[in-house]
Amino acid sequence: MDIASLTIDEIREGLLARRFRAGELAAEALRFAEEENPKTGAYLHFSPERALAAARRVDDKIDRGEDPGVLAGVPVAVKDVIVTRGIRTTCGSKLLENYVPPYDATAIIRLEEAGGLILGKTNCDEFAMGSSTENSAFGPVRNPVAPDRVPGGSSGGSAAAVAQGTAVVALGSDTGGSIRQPASFCGVSGVTPTYGRVSRYGLTAFASSLDHIGPFARTVKDAARVLGVIAGRDPRDSTSAEAPVPDYTKALDGNVKGLKLGLPREYLKDLTSESGSLIHRGVEVLRKLGCEVREIGLPHTDYAIATYYIIATAEASSNLARYDGVRYTFRSGDSATLADMYRNTRGEGFGAECKRRIMLGTYVLSAGYYDAYYLKAQKVRALIARDFAQAFEEVDAVVAPVSPFPAFRLGEKVDDPLAMYLSDIFTITGSLAGIPCMSVPCGRTAEGLPVGMQILTRHFGEATMFRIADAFERAGGLN
Amino acid sequence: MKITEQEVRYVAGLANLRLSDSEVARFQVDLDQILEHIGKLNELDTGNAAPMSQVLFETDETATLRPDVIVAPLGNQAALANAPESGAGYFKVPQVIER
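Sequence order for the protein chains is A and B. For the first sequence, my numbering begins at 39 and goes up steadily by one. For the second sequence, my numbering begins at 26 and goes up steadily by one.
In isolation and in its complexed conformation, chain B is listed as follows (with noise of 0.2 angstroms):
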């Protein structure tokens, strides 16, 4: 196996997914196969070719600025209006620091 059930639920924490016992399971047998799969990648040399992060187009250095003019923001309420749970103009959740 490249992926033990511990290795899944460690993942799983860094995810922050509370997976089932037979979620588990499961994902370790798939992953298991995805990851044999994409072992694939080390039968080649990729000797000293560049990482390509973004699809490259020639553009001046500047094109991504934008002229520094103020614009209406989204505004509180909108921002608010699909939370769960909101109060006083802001988020709620729970609570993080003991009294």
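Looking at chain A on its own, in the form it has when it is part of the complex (with noise of 0.2 angstroms):
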């Protein structure tokens, strides 16, 4: 049984023909991970009594002749930032190291009843705010595919861990781009679903208006599969939709013929890098595939990351008030007052970037600067989500780049925290309209490192995005 190449119906069928028990499946699978995370780092920690109490529930429902479910036995990583019941999830942060959650998110629940065997819990940055996973209190991730090099981040972790085969999916959150970069730098895919289709229920927030939950997968269609399990209404996150959740591996049968892709003008018009020509090549492929191709333009897309960093940084300082000593775990020593406590609760847990995000948000929601900043970033938002709305007239999806460089080296950009701002470009634009967007491998660079490309469709149309991923990768991508 080889974890590292195992699909999600591969498994489904093995169980259901009894050529192997989800049991043995959750023991290989655990034992495979803990020996190959040394390596990358990929997980902090491990849950081997709830995936072999999972993995029981799948055998029994098996013996006793009912469906396991479309996850039966899947090995899923969960990127520490969602909330396990009874499993240490600690948002990468020394404020939570020790925090065990009483309550599981729904995504969750979700992947646990349609059979997934949860392993463990993915390293990330520091509540999910970095481009790199170096952000973490529990030190860096290696690249399975580069291991001097990042992941990418903030969802570095689980990343790393499908790529590295430890995982046959996972799950990440993405605010900006924390899913689709690591996806795109450890050459898997990587979902960030429609702004409200997947519950947030369980996810720490960092910035409500912005904040998703997607999965990671070797294949598109492990990752529609994954999709289709945690999407759809919640009570218990009333920014979920109501909209009806399709079937969206019905939408992964290569034909792409007459379909029309824009390619944004402003993005590739400085990207003359490796990257960039592999996503020209990833283009030509889909062309020859037959869809349609054209230039389109997204005329607000300089603004974007200023935008960007308005409105995460003022809603993660709103979302971060609650890490004040009282409640969740971490306080420090000895202070003679509880303003102290607060001060130097939050001083010594928080990392350098939290900090620095905070300290970025209280300064632009602060007397005097609401309009300046925060009101006027919300204006322009509304112009970039337009930009796309215009698009969408035109053409069923956008294909870009996801960023514009493939993994940097571990501690290359550390010191320089708006270069890190401005590397996510990209992915930022589709973030702030709430769009579904997603990276598919698009070959590698002449090091051998991962390029993503990126495909960017309407509210609610990821059917058409897995529907062009899916084309593209049966069309055996740039390989």
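Since the hints were derived computationally from the structure, they do not count as laboratory data. Think of the CB as a built atom: it goes at the ideal place given N, C-alpha and C, for glycine as much as any other residue. Each hint should be verified, as a subset may be incorrect.
[Claimed, not checked] Here are the in silico distance ranges between beta carbons for each label pair:
id : chain 1 : residue 1 : chain 2 : residue 2 : range
1  : B       : 74        : A       : 47        : 43 to 49 angstroms
2  : B       : 61        : A       : 291       : 46 to 52 angstroms
3  : A       : 136       : B       : 65        : 54 to 60 angstroms
4  : B       : 27        : A       : 94        : 58 to 64 angstroms
5  : B       : 115       : A       : 427       : 47 to 53 angstroms
6  : A       : 94        : B       : 74        : 52 to 58 angstroms
7  : A       : 151       : B       : 99        : 45 to 51 angstroms
8  : B       : 73        : A       : 378       : 42 to 48 angstroms
9  : B       : 26        : A       : 274       : 55 to 61 angstroms
10 : A       : 407       : B       : 104       : 34 to 40 angstroms
11 : A       : 61        : B       : 78        : 47 to 53 angstroms
12 : B       : 27        : A       : 376       : 28 to 34 angstroms
[Stated by the list, open to error] Derived SDA-like pairs (lysine to any residue); straight-line CA-CA distance at most 25 angstroms:
id : chain 1 : residue 1 : chain 2 : residue 2
13 : A       : 99        : A       : 40
14 : B       : 27        : B       : 57
15 : A       : 451       : B       : 78
16 : B       : 65        : A       : 460
17 : A       : 451       : B       : 54
18 : B       : 117       : A       : 374
19 : A       : 417       : A       : 428
20 : A       : 132       : B       : 45
21 : B       : 27        : A       : 132
22 : B       : 27        : A       : 407
23 : A       : 77        : A       : 406
24 : B       : 117       : A       : 452
25 : A       : 307       : A       : 431
26 : A       : 451       : B       : 51
27 : B       : 27        : A       : 55
28 : A       : 295       : A       : 326
29 : B       : 65        : B       : 78
30 : A       : 288       : A       : 55
The task is to assemble the complex, starting from two chains supplied on their own in separate frames and drawing on the hints.
Encoded structure:
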């Protein structure tokens, strides 16, 4: 049984044909993941009891002749910002090092109801703030493709686990690119669904108007299967959408003839790098498959980074106010007053990037600055969303790069926060618009570093997005 | 400079963050750079664009309402389980009222 190459459907078929049992699969997946983990540090901790208990439920269902679920026996890695009852959930922060949630996120409940096995929790940038996973309080993650490089971030551990083969699929969270960028750096598929498509109940809040949960997988079909399981209305998240969830895998027939694709000239004009030429070659593959490709304009792209870093940090400064030393495990030692206790706890507990963003968010919301920054950013956000709405009157999907460059070296960008922020340009626009977007592997650079192609579609247009990505993958991508 | 050292200390106070002197110096430089970049938005005439505070999708007005059904609460013990200090069913904090 080779965990590193199995797909969701192969696991289900193997279980139903009794070639192996979910219990065996869980034990083997845990053994393999624990053995391989030192190479990347993708996982922070494992949850063997929970995985084995879920496997027993799958085996019992099969024995009783019941349907064990579409994710039966599938080993899943979960980013450590998604709460798991009884399993430590640290958010990559010293503040939550010992936090054991009393409840499960809705996405976790749905994964397990569909037969998934939660193997463990993956490392990430502290509170999902970063683009390299170097901001974790528990050390960085290494890219399985190139161990001296970052896996991307903030969901770097989840991307690395899937790329390394220690999980078949993984959950991550995306606020400005935290699923798509690490997926592209590690050479796997990563999906940011429509805002509201997947319940965020149990996702530790970073920027509530931008936060998403989404899957990583080695194939587009597996990513589509997982999204189908976790998507849908949840009464416990009032922002989750009522819209029905289609069977996304039905769209995966390889037929993209006549689909209209838009290439944003604002994205490609400066992208003369190796990543850029790979994206152009990827677009050629789609053209040969029958897509019509045209240039489109997204004229407010230049303002996206500024807009994002106002809105995201403003919301973060408010969401992170709860870590005050009263309820969540960590409290600084001897403080004479309550106010000192708050300040000392937060000063000692948060890492540098979280503090920087809390400071920026507090500044832009402070008296006298609200209109100039936050309100202004919300207006520009509306213009950026309108750019996409207008583009989708002409085209079915937008095709774009994910990152201006492939995985960089550990430590290479850690001292230049603005440079790190600027590298999020291609992922942030889709996040601000709230549209579905994914990264699908699109070849490798001469040095062997993976590059991802981004596919963006209109609100709730995930089926079209998967159709294009899957057709590209079936055609062999750039290999 | 877009932001002074005093302003950095003032904002840290608003955010309840204890910062060391070296952090104050570092954040003054970082925030200055970032605010400089953010200033770019002023180039843009946003005219009468309505601020986008949420991603909107079509839904019934009552879609966010749920039936008023009693569900089991978390419970006192579970709610306190992660508290750094608790006692007698409460979160404990440094004394705030003088006797």
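Mind checking the hinted window 42 to 48 angstroms against the Cβ distance between residue 73 of chain B and residue 378 of chain A?
holds (47 angstroms)
If I claimed the Cβ atoms of residue 27 of chain B and residue 376 of chain A lie 28 to 34 angstroms apart, would that claim hold in this structure?
Taking Cβ atoms as reference, residue 27 of chain B and residue 376 of chain A lie about 33 angstroms apart, which means the hint holds.
For a C-alpha distance cap of 25 angstroms, please report whether residue 288 of chain A and residue 55 of chain A respect it.
holds (24 angstroms)
Whether the CB-CB distance between residue 151 of chain A and residue 99 of chain B falls inside 45 to 51 angstroms
Between residue 151 of chain A and residue 99 of chain B, where Cβ atoms are some 21 angstroms apart, the hint is violated.
Within a Cα-Cα threshold of 25 angstroms, do residue 65 of chain B and residue 460 of chain A meet the stated pairing?
Cα-Cα ~13 angstroms, so holds.
Range hint compliance [Cβ, residue 407 of chain A to residue 104 of chain B, 34 to 40 angstroms]
The hint (34 to 40 angstroms, Cβ to Cβ) holds, given that residue 407 of chain A and residue 104 of chain B are roughly 36 angstroms apart.
Restraint check for residue 132 of chain A with residue 45 of chain B, where alpha carbons must lie at most 25 angstroms apart:
holds (18 angstroms)
Looking only at beta-carbon atoms, does the pair residue 115 of chain B, residue 427 of chain A fall within the given range of 47 to 53 angstroms?
The hinted range 47 to 53 angstroms holds for residue 115 of chain B and residue 427 of chain A, with Cβ atoms some 51 angstroms apart.
Regarding the pair residue 27 of chain B and residue 55 of chain A, is the alpha-carbon distance no greater than 25 angstroms?
violated (67 angstroms)
Would the hint linking residue 117 of chain B and residue 452 of chain A be met if the CA-CA limit is 25 angstroms?
violated (38 angstroms)
For the pair we were handed, residue 27 of chain B and residue 57 of chain B, check the Cα-Cα distance against 25 angstroms.
Judged against 25 angstroms, a Cα distance of about 5 angstroms means the pair holds.
Checking one constraint from the list: CA of residue 77 of chain A to CA of residue 406 of chain A, max 25 angstroms. Satisfied?
Violated: residue 77 of chain A and residue 406 of chain A sit about 50 angstroms apart, past 25 angstroms.
Against the hints set out earlier in the document, violations occur for numbers 3, 7, 9, 15, 21, 23, 24 and 27.
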